[in-house]
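**Student:** Each chain, written out:
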Amino acid sequence: MESRAPLMLLFRIGEGRYAVRCTRVECVLSRPRLHQLLGPPGAVVGSFPYRDALTPVIDVCKLFLGAPCPDRISSRIVVVRASERVVGLLVERATDTRALPGETLAPGARSDAIVTGIVDEGGELQQIVDVDALVARGFAS
Amino acid sequence: MSRLSQLTVMGKLTLLVGVFLIGFTAIGAITFAALSRVRINGPMYREITRSKEVLADVVSPSLYIVESDRLMQESLEAGDLVELRAIMDRSTKLREEYEARHRHWEAELTDGELRTQLLETSFAPAERFFKLRDEQMFPAILAGDLSRARELATSSLEPLYEEHRKAIDSVVATATSSASELEGRANQAVTWTLYELVAASLLIALISAAAAWLIARSLVSRLQHASVVLSSTATQMSASSREQQSRVGEQSASTSEIAATVKEISATSRDLVKTAEELSLGAARAAGLALEGRGGLERMDARMRALSTSTGSISVKLSAIREKTNDINVVVTTITKVADQTNLLSVNAAIEAEKAGEYGLGFLVVAREIRRLADQAAVATLDIEDMVRQMQGAVSTGVMEMDKFDDEVRTSVKAVQEVSEQLGGVIEEVEGFHGRFDALKEGMRSQSLGAEQINDAMVSLADGAQQTAASLREFNAATDGLRDVVANLRT
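Chains as they are written, first to last, in this note's numbering: chain A, 471 to 611; chain B, -11 to 479.
In short, the hints are calculated from the structure, not lab data. None of the values given here were measured: they were computed from a predicted structure. Note that CB positions come from ideal geometry on N, CA and C, so glycine has one too. Check before you lean on any hint, since a few could be wrong.
To be verified - Calculated pairs, SDA-like style, for lysine to any residue (alpha carbon to alpha carbon, straight line, at most 20 Å): (1) B:LYS325 x A:ARG555; (2) B:LYS325 x A:CYS497; (3) B:LYS343 x A:ARG555.
Stated by the list, open to error - Just a sample of chain A residues kept apart from chain B, beta carbon distances all over 10 Å, derived: (4) PRO476; (5) THR493; (6) CYS497; (7) HIS505; (8) THR525; (9) ASP541; (10) SER553; (11) ALA564; (12) ASP566; (13) VAL585; (14) ASP590; (15) GLY593; (16) LEU595; (17) VAL601; (18) ALA610.
Produce the complete structure using the sequences and hints provided.
**Tutor:** Structure representation (structure tokens):
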């Protein structure tokens, strides 16, 4: 179990490749119709019904790039649980899972850093994203 | 005189004849008048007077009471009453005759010595004689008182008769003298008439001569004037004919020049005719080419129309293809969706397998395989999507290009039609040119012909000019002759 590398859900924000631990993911959903919210905090763009509760959605593209996530089939919502809240993260190309070995600590990482580690996959860098930090950032105005 | 000179020759001659006619008429009138006065002494007059004289000698004079006196004497000697009655009847008859004659002469005679003597001096004693005889003497005889009757006859009647006879004698003398006086007057009248005739004849002769002289003089003066004018005219004619002669010479020279020019014109017009023929041929060729061009254009037009139709059908087909690609798109989208869902399922399955730990390992492999298949399908659909998108783009471009091409073809067709119409105009004009060239050619030919004719005419004109010069020389001679004649006429 210890020797085995953890399974990661891969996704992209713009040109950057990112990954989250599958154990933190509730499920992956096709992009649903979002209910608009009046004056939502941070990068929250709306909410959708998930398991009989309205779940807020953070547009990660908007959060980090300033532009909303492109309207594609591959743009999906990754439902995560962070500090007892269920939140939807809108990301690009969340279509693959992979076990990523050789994780190194991200340089200059702080306690509240979003990217916690980097995996070098033959030149391709996969950044490991901390869900809690991301959600916290997403709700922060 | 001036009025006379104004008359025409005919008028003058008529005037002369008129003067003669008037003269002769006057002479005739005077002669007639004279004859009517003088014919009293003609042979017939003489015969009549002679017979009257005889009658006067034979018949007893009624106005002379000589027979009454004789009967009065006889009554004194009468034997019986019967004889006396006859004498008295005869006497009464004589008295009636006398009184009738007296009344006749009373009405006839004019006042004068003869009337006084006959109707007063001789009548008074006669009347008294008749009265005394019828009232006293014859009643005395009838009463048988012859002595009283004789006494009355001798004392009263005879002196009365004598007085009457003397008066009658003086009447006879007066009548005789008046007759001789009348004869003398008649003779004098005849003589005067003769004088008058001679004078009238002389006067008329003089007037006629004067008129004739005047008219002749005026005629001669006119003739002289005419001869002067004629002479000057002859001179002028001579001069002008000489001038004319010289001009004819010049004209002859200029006609030669003109003839040369006309020859040149003729040659030029012939060249022109040739050029016009060439031009005409060229025009005809141009017309033919234009016709061919129009035919080509018409074929091109037809082809363009066919092309337009084809592009239309191609457009329709392209539209159909576009629709089909849309269908394909729908299918591809569906497949993509399915692939996506499959991928999603496999991702979630992998996540659940990871959460399951050691127990989920097998399932994780399956999930990975499913995801691989789904990804292949997605890649394939992505390829198809790309291809379809490219095809759609190509079709759209094709449709647009086709539309553009169709528009261009339409414009071309229009342009071709316009060009065809213009060519038609050109053909018409060129054909018109052809006709006009024919007319031009004809005109040139006729001009050339005309020039030749003018040339001929010039040649004949030159001949004519020479002939004219010759005749002018003759004319000069004739005017010289005329001048001589006029000179003769003037002398």
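**Student:** Which of the numbered hints are not met once you compare them with the structure shown?
**Tutor:** 1, 4, 5, 6, 11, 12
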